[in-house]
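Protein chains in written order, with my numbering: chain H, 1 to 341; chain P, 1001 to 1340.
Errors might be hidden in some of the hints.
[Said to hold, decoys possible] No farther apart than 30 angstroms at their CA atoms in a straight line, the calculated lysine-lysine pairs in the DSBU-like style are these:
{"no.": "1", "chain 1": "P", "residue 1": "K1323", "chain 2": "P", "residue 2": "K1299"}
{"no.": "2", "chain 1": "H", "residue 1": "K172", "chain 2": "P", "residue 2": "K1241"}
{"no.": "3", "chain 1": "P", "residue 1": "K1323", "chain 2": "H", "residue 2": "K138"}
{"no.": "4", "chain 1": "P", "residue 1": "K1241", "chain 2": "P", "residue 2": "K1305"}
{"no.": "5", "chain 1": "P", "residue 1": "K1241", "chain 2": "P", "residue 2": "K1299"}
{"no.": "6", "chain 1": "P", "residue 1": "K1305", "chain 2": "H", "residue 2": "K138"}
What the hints contain is simulated information worked out from the structure, not anything from laboratory work.
These are the residues of each chain, in order.
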Amino acid sequence: MTTIDVTPEAGKKPESPTNPRRRVYRPNTKYIPILVTLGLLVLMYGGGVANYENFSDPSVVVNLFRDNAVLMVVAVGMTFVILTGGIDLSVGAVISLTTTLTATLLQGGWPPMVVLVLVLLLGSLIGAGQGAVIHYFKVEPFIATLAGLFLARGLALFINQSSIPIRDETWKAISEYRIPLADGVVTKPIAIVAVAVVLIAAAVLAWTRFGRNVYAIGGNADSALLMGLPVGRTRIGVYTISGFCAALGGVLFSINSTSGWALQGNGLELDAIAACVIGGVLLTGGSGYVLGTLLGVLVTGLIQTIIIFQGDLNAAWTRIIVGVLLFAFIVMQRLVTRKVK
Amino acid sequence: MTSILKNRLFWPSAILVALLVVNVFTSNQFITVQDGHLFGTLIDILRGSAPLLLVALGMTLVIATGGIDLSVGSVMAISGAVACLLISDLGNQNSVGSVLLIIGVAILASLALGLWNGMLVAVIGIQPIIATLILMVAGRGVAQLITDGQIINVQSGPYATIATGFFLALPVAFLIATAAVVLITLLTRRTALGLLLESVGGSPTASRLAGIGARRITIMVYVVCGGFAGLAGLIYSANIKSADSISAGNLIELDAILAVVIGGTALIGGRFSIAGTVIGALLIQTLTVTVVAVGVPSKATLLFKAVVVVALCLSQSPIFREKVFGRLKPRPAVRAEVPA
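Pulled out of the complex, with its shape left as it was, chain H reads as follows (with noise of 0.2 angstroms):
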């Protein structure tokens, strides 16, 4: 897109457009992954109508954005964390942390509105603090965000240990407002507000600034510095966003469920990693987009939802088809990577 155009009459003569290799569609190999989950996506979705009935009713496809909205924020902020080649392991934490905070102060009877902006500031707080210990202190993500997952649940578990209503009349409102779509088929306010998220998340690293910067410290944070890109900064700001996702996501579970439990949100970080992966997001860094990561949920959801509609399936099924579908994909990405290079 960007390189220099090298003048025709210098040299050789540009390719003939003739070219009957050139004519041949082949989709970018950066697009590969995202292709496949897609293709994967609407074959199981086919399959799925094909063996259960009621499967096509579209409120199945709606539901699967509302059942997995909270995954859905939160592998929104862990895509911008893996693209600059991080990880952050805190974000279940923080959901917990946010649930059973925002279920206390609520039964303490402070306004909703202050309590969102709090707990909301609280999570990019969280985010912020890691992100400099990672930048300033050169302490390996991995590490510091392990230190952040005990602190948030720490945290959580020392307000409250048990699991705390939530009898606010304005969560209580939100949680029972049905947004018509169509004919019979309606959604929850968090199901717009995570699509939303992705939308917003997909435009900021499309055409901002801050999203180049992203992918470029993911593909080499050493060349980023020597080309002058603000590494702190951007470093700093994608765990802040992960931590500001994973309180949304903790916001969007205490209005689902209307309680807050610090033991909510265990072990959703490797779901959010898993949902990355399956949906071509690399974990070296680099390389990857929102909607893969919007993919890569859908899928696990519909997972999900199929062996609902199966009925005699054991749940653990899920977990060791979410295994083989993750080995699928990374070895998909390796074969298309070592094909690049």
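For this one, chain H is given, so just place chain P on it according to the hints.
Frame of chain H, contents of chain P only:
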């Protein structure tokens, strides 16, 4: 004196000793003799640390080659599930021969899982953290399938012995872990193996060009790590006399990695310290025991642990140490720059 202070293991050891001293005062029985074997808080710590010690030992070798193994918890769950399922099918659960055979089968299964990880990393060339993530996610599902989602209880004397038994006045679980540590120390420090591991961790390509079978060594460390995780899973399940595929080894990979990092082994690979790992694992276990012993309310245990972990991680960052302590004593920093 300064050389002791500068040793990477000084602070973890100091904290470990301090925690143990706290335990001497807070526990009513730190170490005594009862029923012909040692007894008390110290022995509890040694016995309780065995699974973590074994897992962290395997993890050290993997990290030395620049890898990481997230699947250890799932391997623990699978090995416990296999063993308990087979034992519960036995006619006589107290038959020592059959139990030993079953333990062998469970460990073989764990070695096979380790081989799977090793093949993914070394042959297909997948990043270790991702390669082992696959087994971490799928493995627990497999363990649940083996136990059919149930918790399988066993009533086998010989099986329980590996976790709760005593031999020569010491807990069997601790002896197993000690044997593993001694074996690995001898293998890595008395033969060239340790050097080869560090070489592969430093640069697999350079090692291969230097004539080292980098691929074979990488596969081997994952197999060994899987085997140790399996052994840890057996001790865990023998301790509770059942196979719990959900909570067996849950989050132990994080504790094990933490133990390794506390012990001064860098996650980038290229060097490792088994003594450090042992101190790290004992430190984590002692911390868990101490927090309860000194009466920190149970809801604050994790928070307490988190604060210690954060402090330890920061104290191991050279940049952090320089920024915080550098100004207090600028002299050693200057002296260090003078070439010898």
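Results for each hint:
no.: 1; hint: K1323(P) - K1299(P); in the structure: violated, 34 angstroms
no.: 2; hint: K172(H) - K1241(P); in the structure: violated, 45 angstroms
no.: 3; hint: K1323(P) - K138(H); in the structure: holds, 12 angstroms
no.: 4; hint: K1241(P) - K1305(P); in the structure: holds, 28 angstroms
no.: 5; hint: K1241(P) - K1299(P); in the structure: holds, 27 angstroms
no.: 6; hint: K1305(P) - K138(H); in the structure: holds, 22 angstroms
Comparing the model with each numbered hint stated earlier shows that hints 1 and 2 do not hold.
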